[in-house]
Amino acid sequence: MSPDTAVLRTVGLRTGLVLLVTGSAALTSYWVGLAVDAVVGNRMAPWILGRASGITSYLLLVTLVLLGLVLSHPHRARWRRPSVATRIRTHVSLSVFALVFTVLHIVVLATDEYAGVGWWGALVPMGSTYRPLPVTFGVVALWAGLAAGITAALAGRISHRAWWPVHKVAIVALLLVWLHGILAGIDTPALLAMYVVTGGAVVFVAVSRYTSTTVRSDVEELAAVRATELPVARVPGAVFLPTPAPGSAVPASVLPEHRRSPA
Amino acid sequence: MSVSLHLVTEPGRVGAADILATPAVLPRHGTESLTGVDVHDLAAHRAEFGLRRSHLGAAAASLLAAIEEVRLTGRGGGHFPTTAKWRSVMTHGAGGTVVANGAEGEPGSAKDAVLLQTRPHLVLDGLVSSMEVVGASDGVVWLHDGAWASARAVSRALAERAAAGAGDPQIRVLLAPDRYLSGEATGIIRTLEGGPTLPRYVEDPARPWSPGSRPVLVNNVETMARVGLLATVGAEEYLPTSLLTVVNATHRVVLEVGPGTTFGDVVARTWTSPDGRPPQAVLLGGYGGSWVSWDDLRAMPVDVAGLRAAGLSLGAGLVGPLPASACGLEESARLLRYLAGQSARQCGPCVFGLAAVSELADDLSAGRLAPSGRRRLGRFMGEIQGRGACRHPDGALRMLASALVVFGDDVRHHRRGRTCDAPTYAIMPLPGED
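Residue numbers (my numbering), protein chains in the order written: chain A, 1 to 263; chain B, 1 to 434.
Just so you know, the hints here were simulated from the structure itself, not pulled from any lab data.
As the structure is a computational prediction, the values presented were derived from the model and not from experiment.
One or more of the hints may lead you astray.
[Claimed, not checked] Computed spacing ranges between beta-carbons, pair by pair: (1) B:375 with A:161: 32 to 42 Å; (2) B:65 with A:214: 51 to 61 Å; (3) B:65 with A:161: 51 to 61 Å; (4) B:409 with A:165: 39 to 49 Å.
[What the hints assert, rightly or not] Among the chain B residues that face chain A by a calculated CB cut under 8 Å, a handful are: (5) 172; (6) 173; (7) 174; (8) 175; (9) 177; (10) 191; (11) 196; (12) 197; (13) 198; (14) 342; (15) 345.
[Said to hold, decoys possible] Examples of chain B residues toward chain A, derived with CB under 8 Å: (16) 54; (17) 151; (18) 176; (19) 344; (20) 346.
Positions of the beta carbon are idealized from the N, C-alpha and C atoms, including for glycine.
Between the sequences and the hints, there should be enough to build the whole structure, so can you do that?
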């Protein structure tokens with residue numbers, strides 16, 4: 001690459017980045033404006049906000065878990081783009097955003113007097129008077145998700161053995177959130193379709209991640225081929241093996257047991 | 001095709017101490033049909049080399065002194081002095097195991113198979129003598145699964161010795177999985193301790209067995225044959241020869257040469273050029289060895305010390321001439337792909353690093369490697385160097401690094417989008433190919 005093309009490339013990349021940030025800021029402002037317009041003065045504002053933040057949080061959590069499965073997929077080394085550093089940064093950012101929207105979801109519903117949830121119901125299992133079981137699923141998922149996230153934030157400072165098994169409760173959190181959504185968060189058929197499709201995507205990627213050949217199973221396969229003792233060497237004096245003609249089969253007596261045909 | 005063969009040794013020094021009197025010819029793959037060398041049964045062996053002297057007790061010192069006198073070193077490329085290894089085992093007490101390692105993992109090499117099939121008693125003499133010196137109670141001949149001709153020769157020789165009342169200790173023949181790394185010493189020791197035949201990390205190279213286990217000494221069968229030679233004819237008649245395997249398009253030649261012989265002589269007498277021209281370079285030592293340009297190597301004598309001074313190693317004794325009409329990068333990428341596939345898949349730098357380097361080398365040879373890819377290749381090679389429990393990546397990288405230097409013109413030619421269309425390819429034999 002000549003210096004000229006390198007400069008052009010850098011300028012192009014920076015211009016693209018500025019356009020991207022400007023565009024997304026404009027789009028976000030437009031959406032926020034729409035949301036504020038819909039909510040301001042609306043008697044249903046808490047309900048709308050609680051529902052919207054819940055759905056947003058759910059979608060972020062699904063993306064987070066999908067990316068987590070990709071991060072630990074046995075075939076991860078085969079994908080070069082995006083780079084591993086980008087994958088991990090995105091995973092962390094998604095978890096922060098998911099947490100922010102979950103907090104919004106909880107604050108709005110806990111402070112809404114008509115919701116029948118309250119702070120007690122929002123944070124303690126079976127504490128809600130409104131749909132106690134589905135809300136409890138969400139509450140337990142919150143604590144499980146926090147356990148997965150906080151221990152992972154300590155990764156590097158604490159042993160891999162301490163945080164990695166705990167991190168797997170994230171899948172429990174997602175399952176509970178999914179049930180929480182299915183049981184308490186469906187008021188239109190579109191939402192049911194969303195839960196089914198996203199749930200199916202997670203199951204698909206999880207199956208691929210846990211059924212793919214891992215490096216460890218490769219080693220086990222190699223280790224399974226054991227060295228064998230040549231039986232004839234043990235009985236000296238009785239082992240003048242005939243030299244087989246070229247191309248003929250090796251005499252069975254020379255073959256270790258696992259190589260002899262059963263016939 | 002006709003193959004003309006000549007014995008290549010120093011003039012006037014063809015004595016009784018030569019291991020092989022004539023070169024052996026083997027097919028390109030496998031070691032089943034060997035011709036050119038007479039097979040020594042016990043009677044022929046004793047007629048040629050004489051009776052093995054016992055080295056029990058106080059006589060052990062004389063064999064150690066003889067080994068030190070001829071400066072016998074390991075065949076692993078590191079040239080570790082043989083007696084240093086022995087003394088380490090001796091300090092850990094009697095009752096251990098000695099292994100004659102004949103699992104020739106190097107696909108091109110056949111010198112161990114030739115020794116086992118034609119000079120089994122020399123190898124067994126060496127094994128028994130080393131067991132006597134280090135006080136071992138268990139002897140093992142370590143072969144790879146599928147080396148039936150060698151397995152037959154060894155079991156026949158063991159039976160002959162038992163029938164003749166040689167009074168040998170018990171010697172077992174073990175067949176390892178047929179893989180590149182099956183001859184790796186830590187994998188052998190791990191197997192003897194009841195584990196899988198896979199390399200493992202060893203903290204102290206002088207004590208590669210597990211704490212609490214009996215000591216294990218692993219020596220290549222060529223080292224064993226040389227010990228056998230010292231235990232029979234003695235150091236006075238010993239010649240510091242080398243056993244080489246020369247790879248041809250249709251066959252391989254195993255021959256023994258003296259230290260005065262040059263690689264030019266060896267190749268001129270054992271290699272048939274497919275294009276009528278001298279080779280452009282030679283792969284020396286093994287697939288984890290080094291490429292050396294023909295101009296540099298031609299006048300160099302086959303001498304361990306001289307090669308070492310030039311930063312080279314005879315390794316497993318492989319001599320692989322690359323025809324002038326072949327592409328060195330293509331061949332190197334092919335060998336690297338094989339080596340990456342032979343990883344024991346236990347260490348990250350080997351499983352992922354070597355695979356990534358192999359992919360980049362493939363891209364390079366196919367003319368698909370962009371400048372950023374070349375920088376990545378250099379970075380990966382630096383990051384992998386010196387890592388992995390058994391250092392498998394080191395050999396593979398050594399071969400690739402030497403290729404990038406020796407075939408530097410080709411590297412420049414293989415710019416993005418350009419290949420060389422070399423007419424000959426697949427020079428070195430690999431398992432599983434035709």
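Okay, the hints, checked on the actual structure:
1. B:375 with A:161: 32 to 42 Å: Since residue 375 of chain B and residue 161 of chain A have Cβ atoms about 36 Å apart, the given range 32 to 42 Å holds.
2. B:65 with A:214: 51 to 61 Å: Since residue 65 of chain B and residue 214 of chain A have Cβ atoms about 52 Å apart, the given range 51 to 61 Å holds.
3. B:65 with A:161: 51 to 61 Å: 53 Å, holds
4. B:409 with A:165: 39 to 49 Å: 54 Å Cβ-Cβ, so the 39 to 49 Å window is violated.
5. 172: Result: holds, 6 Å to nearest chain A Cβ.
6. 173: 4 Å, holds
7. 174: 5 Å, holds
8. 175: The hint holds - residue 175 of chain B has a Cβ within 8 Å of chain A, the shortest such distance being about 5 Å.
9. 177: 4 Å, holds
10. 191: Hint holds; residue 191 of chain B Cβ to chain A Cβ min 5 Å, cut 8 Å.
11. 196: Status holds, d = 3 Å.
12. 197: Hint holds; residue 197 of chain B Cβ to chain A Cβ min 5 Å, cut 8 Å.
13. 198: It holds, given that the least Cβ distance between residue 198 of chain B and chain A is near 6 Å, below 8 Å.
14. 342: Violated, because the Cβ-Cβ distance from residue 342 of chain B to chain A comes to roughly 10 Å (cut-off 8 Å).
15. 345: 4 Å, holds
16. 54: Because about 20 Å separates residue 54 of chain B from the closest Cβ in chain A, which is outside the 8 Å limit, the hint is violated.
17. 151: 6 Å, holds
18. 176: 5 Å, holds
19. 344: 6 Å, holds
20. 346: Result: holds, 6 Å to nearest chain A Cβ.
In the structure shown, a violation is registered for the earlier hints numbered 4, 14, 16, in ascending order.
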